Every structure is written in C-alpha cells, then in structure tokens.
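The chain contents come next:
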Amino acid sequence: MAFRLTPQERGFYPLFTRAAENIVVAADELAAMVDAVPADRPAIAKRVKEAENAGDDVTHEIMVKLNSVFVTPFDREDIYRLASSLDDVVDAIEEAADRIVLYRLDRLPAGITMQVDVLRRAAVATAEAMPRLEKMSALQDYWIHVNSLEDEADEAYHAVLAGLLSPAEAPTDTAALLEIIKLKEVVDTLEEAADAFETVANTVESIAVKEA
Amino acid sequence: MAFRLTPQERGFYPLFTRAAENIVVAADELAAMVDAVPADRPAIAKRVKEAENAGDDVTHEIMVKLNSVFVTPFDREDIYRLASSLDDVVDAIEEAADRIVLYRLDRLPAGITMQVDVLRRAAVATAEAMPRLEKMSALQDYWIHVNSLEDEADEAYHAVLAGLLSPAEAPTDTAALLEIIKLKEVVDTLEEAADAFETVANTVESIAVKEA
Amino acid sequence: MAFRLTPQERGFYPLFTRAAENIVVAADELAAMVDAVPADRPAIAKRVKEAENAGDDVTHEIMVKLNSVFVTPFDREDIYRLASSLDDVVDAIEEAADRIVLYRLDRLPAGITMQVDVLRRAAVATAEAMPRLEKMSALQDYWIHVNSLEDEADEAYHAVLAGLLSPAEAPTDTAALLEIIKLKEVVDTLEEAADAFETVANTVESIAVKEA
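Residue numbers (the working numbering), protein chains in the order written: chain B, 167 to 378; chain Y, 167 to 378; chain L, 167 to 378.
Since the hints were derived computationally from the structure, they do not count as laboratory data.
Hints may contain errors.
Which copy is meant is left open, so a pair is good if it fits within one copy or across any two.
Stated by the list, open to error - Below, simulated EDC-like cross-link-like pairs (lysine to aspartate or glutamate); rule was C-alpha separation at most 20 angstroms, straight line:
id : residue 1 : residue 2
1  : Lys212    : Asp320
2  : Lys231    : Glu175
3  : Lys301    : Asp194
4  : Lys215    : Asp257
5  : Lys215    : Glu321
6  : Lys215    : Glu227
7  : Lys350    : Asp283
8  : Lys212    : Asp264
9  : Lys231    : Glu243
10 : Lys212    : Glu321
11 : Lys301    : Asp283
12 : Lys231    : Asp244
13 : Lys215    : Asp194
14 : Lys376    : Asp241
15 : Lys376    : Glu175
16 : Lys350    : Glu261
17 : Lys215    : Glu377
18 : Lys215    : Asp320
19 : Lys231    : Glu300
20 : Lys348    : Glu358
21 : Lys215    : Asp317
22 : Lys215    : Glu364
23 : Lys348    : Glu300
24 : Lys348    : Glu227
25 : Lys231    : Glu318
26 : Lys231    : Glu335
Predicted model only: the values in this text are computed from it and were never measured.
This is chain B alone, in the form it adopts within the complex:
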C-alpha cells in the first residue's frame, strides 16, 4: 500500500504476535502436562485454560479494532481469518488438555507426545513469523515450514489412530474400549490444532501474495 498506516492501524501486528506467543505458552503447558504424573495434571490444565482465556482477550481486541478502524494493514477478511484460526489453535489445545483431565486419562500413548511435540514446533514457527508480517519478510520460509510440520502431524496422527483403533490385540473388555473412545477424542482434537496452524499459514500466504 502506498500510504502510511497510522499507529492505530499498525496496532494489529503486536496483537497477532501476542496471540501467537500465547499459543506457545499453551503448547508448552500441554507438553508439560502430557509428561507430568496424573496427579499434577489438573493444575497444569488450569494454566492451559488461562492461556485460552488470554487468547480470547486478544482475539476480542483484534475484532474490536477490526470493526472500529477505517484503514487496515491488509484485507479485513484476512485479518478476520488470521485471528479466528489463531483462536482455533488455542481452543483445540485447551480442549485436549481439558479432556485428558476430565476423562482421567492416566496413560497416554506415545503418539500423543509426538502430536504435541509437532504442535510446539508449529507454535514457535508461528510466533516467530507474526512480527515479520509488518515488513512481509521471510514469510515464505514460515508457511513452507508449517506445511511440512502439518505433514509430520498427519503422520503422527495416523500412527496413533492405527494403534488405538486397529491394535495388534483387540480390547477384550468394555473398560479398555471406553478408554480408546476417550483417547480418540484427544487425538482428534490435537489434529484439529495442527490443521488450524495450517490455516494460519495459508492465510499468511494469502496476505503475502496480495502484497507482492
């Protein structure tokens, strides 16, 4: 754009950065929670919930700003999509953490650790990219990176799904089957978080292409 943005309009950039940094916090807490002994998990889940609340506040701030400023640094729909998909990431992370505690899922399969690890790396990549939105610098590296992380997340998801639902030995009692049903919900939710990271990256690509 040829004209200069006022500080008010430039205010979107720090908000996106805050939203992404908050996702790093949520993903780190989720990783800590998966590693922790079951007794420690409720306290950690609470901190994930706090990150989700902090994320809601940032999303709300972005939406209010979006609706009240006349000029935006990029398309309104792109700002809306970027804020919504960042919000979707933290919502899914919080839901996964919540279910682990609510369902008393004491034993988590190794595949969940792998899924969470990919989420952490996607979170860091996203938090590093957001401040570069203003200068539109090195964004292509970011979205290519997140797309490859999404492939990694898909593989981890597949492996854990196969292990849960097509195990070498089928579950012989209803308690074991109920456990599978509950774990599948967590695993699906983690995959949703990975998908939402990809939507964030696609939106950034969309913004960058328009500016090019």
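Mind docking chains Y and L on chain B? Use the hints.
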C-alpha cells in the same frame, strides 16, 4: 450510515427476527421431547424437523436478498455470518432431536435437560435481540447475556460428559457402552448449538461496534 | 458485469472445472475401492490420495490467482467459498478412503455403497455445471439437482446410522463394537462430503443470483 435505507433493504430485520423466533419454536419442541415419554418423541421430532425446514426457507430468503440488493443495512459478510450461525443453531437442535429418536435413546441423563434448558434461554434472548438490530439498541446486554449462557452451557456439557465417559461405575457390557456412544453424539450436538448461539452474539457485537 | 474480463481473469473457470473433474476421479476411485476385495484397497486408496493432492494444487492455484488479480469474474468471497468447498469434498472423500484401509474395515455395510453412489452422481453434476459458470447457463437445474441428491444422501446416511447404532441385535463383544465405532467415522465423513457438495451448489446459486 448517513443515507436512508429503502423498505427493500430494511427487509433483512424481519427475516432475522423470524429466524430467531423459529429457533425458539425448535428449542421449545426439543425441551418437550426430552420431557416426553419415548412413544411420543417421534411426533415431536417431526415438529422440530418442520422448524428446521422453516429455518432453511428463511436462510434462503436472506441469502437471495443479500445477493440481489445493492445496499445492505450492514456489511454483507456480517449478514452472511448472522444468517449462517442462526441456521447452524436450528440445524444442531434438529440433529439432536433426530438422533434421540433414531438411536431409540429412551433414557436421557439429567445433564441433557440442563443443556436444552440453556438453549431455550439463549433462543429467547436471541429472539428478543433481533428486532433491536434496526435501532441498534440494548444489544450489549444481549451479547453479554448470551456469553454468560454459553459459560453455563459449557458447565452443563462438562458435567454430562464426565458422567457419561468417566462414570463412577464403568459400563460392564457392550450394550451399555453403545448407549454411551450414542448419548455422547447428542450431547456434543447440543454443545454445537450453544456454540452457534455464541457466534450469533459475536456477530451482533461485530455489527454494533462498526456502527458505533 | 459490463466490462470484459481478460484471459487472466477468465482463468478461474477452467480451474473450477479441473477441481470438479478431479472430484469425479476421487469419487470413482472410492466407489471402486468399496467394491474391491480388501487386498486391493490400499492401492486404490493411494489413487484417491493422488486425487486429493491434485485437488490441493488446483485449490492453491485458485487462491494465488484470487490474491494476485485485480478483477475477478465474481465476488472474491464467492470464489474463496467455491474453491474451499470443492476442496472440502475431495478431502472428505480421501479421509473416508484412508480410514477404510487404516482401520482394516474388511466388511462394509451396503449403506456405504449407497452413500458413495450419491457422491458419484453429485460429482458428475458438479463437473458438468462448472463449465457453465462462465455463461451462467442452466445453473438452476444443477443446484436443484444437487439439493435433491443431498436429500438422498441424508436418507442413506440415516439408514446406515440406524443399522450401525440401533441394530436389531446389539453387538455382544467388544470387537464388534469397535468395528461399529470405526465404520461410524467413515459414514460420518461420507456425509460431510455430501454436505460440502451442497455448499458448492449454494455458492453457485449465490453467484448466479448476483449476476441475474
């Protein structure tokens, strides 16, 4: 907006009101259905289905009007989102009613009654707010109310999920576990309806902030 | 629109046609897979995956074009929605194919064949309609047809759900129940594909109404 809307363009307001009043009908029928003896439920589910069909007609009318008028009372995307999220509410209510009958879920846990009760109150709040869109009056009270109802819905949802999936006594036979799987689908669908009410409220807030 | 589109801007039409023709390929492969003996399915699932990848490429081409051209043949949001919903169709078809193999679902209920058959017909109707977008000819026939196919898909979905979850004889062992859980995921995913076809049709209607 400084210029005056023609009757044609103002025609959106009664349509949103009709959509929301129709949701009240659907939510009331769903509540009646949950209270009814199983033998009476198919007939009530049919009336919920009729409300869903009526909702589809209103949504379609809004979309056709949106695409054919040149001037709209607020942003096209907001009209699209408002109509879509009202449609999502009635779709979820209908799906829940349908599954209760299709799956022959004779005994419904008390938590479902609580979820449906919150939906009814959200429906009434929404139907009361829609006519106020034209004058943009007292809308903040509405969206704060719906946001607090959404918190209540979340709590009911959590309680019923914990009761179903982490019961004091684990199900010992496959029939009981199948029942849990089916009830979980209903419970999840009711939570989707609550979420869709929140999206309606967020969209109204978005519209109101722009007009302020 | 009164002005003439350049070849660059008209380039959207062949891309939508390619996306829809690619869905026909994916749906045909899925149908072949459902008919095939289990041993042949992994190879066919691979071809469905290739169709999904081809679809991703077309979607990406549409989005890049959308972001880089100044004039579009119809509303940007409609192009975005049309491309996204075509992408959703092929994603759901691929996910269904993938799960059948991943979960080693050797025996598929007849209802799944019916669901897939409706998807194939919706795919053909969509592929025939896309080239007519440019002249806006005979589009109403198409969306009425897809809406009636969606009703047919709903019926097939209902029948297969009832058969799976409210069977005449309840499953008596956990292996049978696990099978039901896995089949339900496939059946739900096929219903998502049918819903996405309806979104494609609704978007085409939306575009046509604006142009009228």
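Hint by hint, here is what the structure shows:
1. Lys212 x Asp320: between (28 angstroms within a copy, 15 angstroms between copies)
2. Lys231 x Glu175: Within one copy only: 8 angstroms inside, 27 angstroms across.
3. Lys301 x Asp194: Answer is neither; intra-copy 28 angstroms and inter-copy 46 angstroms both fail.
4. Lys215 x Asp257: Answer is within; shortest intra-copy Cα gap is 9 angstroms, inter-copy 29 angstroms.
5. Lys215 x Glu321: Result: close only across copies, 14 angstroms inter versus 27 angstroms intra.
6. Lys215 x Glu227: Within one copy only: 19 angstroms inside a chain, 38 angstroms across chains, cut-off 20 angstroms.
7. Lys350 x Asp283: within (18 angstroms within a copy, 29 angstroms between copies)
8. Lys212 x Asp264: within (8 angstroms within a copy, 36 angstroms between copies)
9. Lys231 x Glu243: Classified as both: same-chain Cα gap 13 angstroms, cross-chain 17 angstroms, threshold 20 angstroms.
10. Lys212 x Glu321: between (29 angstroms within a copy, 15 angstroms between copies)
11. Lys301 x Asp283: neither (29 angstroms within a copy, 50 angstroms between copies)
12. Lys231 x Asp244: Both. Shortest intra-copy (14 angstroms) and inter-copy (16 angstroms) distances satisfy the 20 angstroms Cα cut-off.
13. Lys215 x Asp194: within (13 angstroms within a copy, 33 angstroms between copies)
14. Lys376 x Asp241: both (9 angstroms within a copy, 16 angstroms between copies)
15. Lys376 x Glu175: both (18 angstroms within a copy, 15 angstroms between copies)
16. Lys350 x Glu261: both (13 angstroms within a copy, 16 angstroms between copies)
17. Lys215 x Glu377: Intra 36 angstroms, inter 33 angstroms, cutoff 20 angstroms: neither.
18. Lys215 x Asp320: between (25 angstroms within a copy, 13 angstroms between copies)
19. Lys231 x Glu300: within (17 angstroms within a copy, 23 angstroms between copies)
20. Lys348 x Glu358: both (16 angstroms within a copy, 19 angstroms between copies)
21. Lys215 x Asp317: between (27 angstroms within a copy, 13 angstroms between copies)
22. Lys215 x Glu364: between (22 angstroms within a copy, 19 angstroms between copies)
23. Lys348 x Glu300: neither (42 angstroms within a copy, 46 angstroms between copies)
24. Lys348 x Glu227: neither (35 angstroms within a copy, 39 angstroms between copies)
25. Lys231 x Glu318: neither (35 angstroms within a copy, 28 angstroms between copies)
26. Lys231 x Glu335: Cα proximity of Lys231 and Glu335: none, with 55 angstroms in one copy and 50 angstroms across.
Taken one by one, the earlier hints fail for this structure at numbers 3, 11, 17, 23, 24, 25 and 26, listed in ascending order.
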